Amino acid sequence: MAESSAAIDALARKIEREVLRRLASVGQARIAEQLGVNESTVSRWKDGDIARWARFLALLGLKATPQEYRCYDEQTLAAMFTFAKQRMDQLQGVDQLVFEDDE
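With the first letter of the sequence shown counted as 1, position 14 gets the number 14 in my numbering; the numbers rise by one all the way through.
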């Protein structure tokens, strides 16, 4: 996993943006309460700590994504696309998508 410094920096910026975006949507007061710290502590994290941890995650090859997102292995997706493409190539028109019971 020898990524260039520019690639690491770009990933770190993406992670930091996502963390800050979520922090803004959830609210730093709520996060502070849940963590048992002062809101000012969370505010100070925005002045460098979040960027440092974002870089740490990027160096480990990790990403920050919303919880509702799902991650799939590249090989699994490639297989799914292959199957989907094969089926789509077999179709000549939308009438082939109609179930016999629907006719």
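It should be emphasised that the hints constitute simulated quantities derived from the structure, not laboratory data. Please note that a few of the clues may not be correct.
List of simulated lysine-lysine pairs, BS3-like, C-alpha gap at most 25 Å [claimed, not checked]:
no., residue 1, residue 2
1, Lys63, Lys85
2, Lys14, Lys63
3, Lys14, Lys46
Because the structure is a prediction, the values reported are computed rather than measured.
These are the hints, each one checked on the structure:
Simply put, Lys63 and Lys85 have alpha-carbon atoms about 29 Å apart, too far for the 25 Å limit, and the pair is violated. Straight-line distance between C-alpha atoms of Lys14 and Lys63 comes to about 8 Å, which keeps the hinted pair within the 25 Å bound. Of the pairs offered as hints, the one joining Lys14 and Lys46 holds, with about 15 Å between alpha carbons and a cut-off of 25 Å not exceeded.
Hint 1 alone, counting from the list given before, is not met by this structure.
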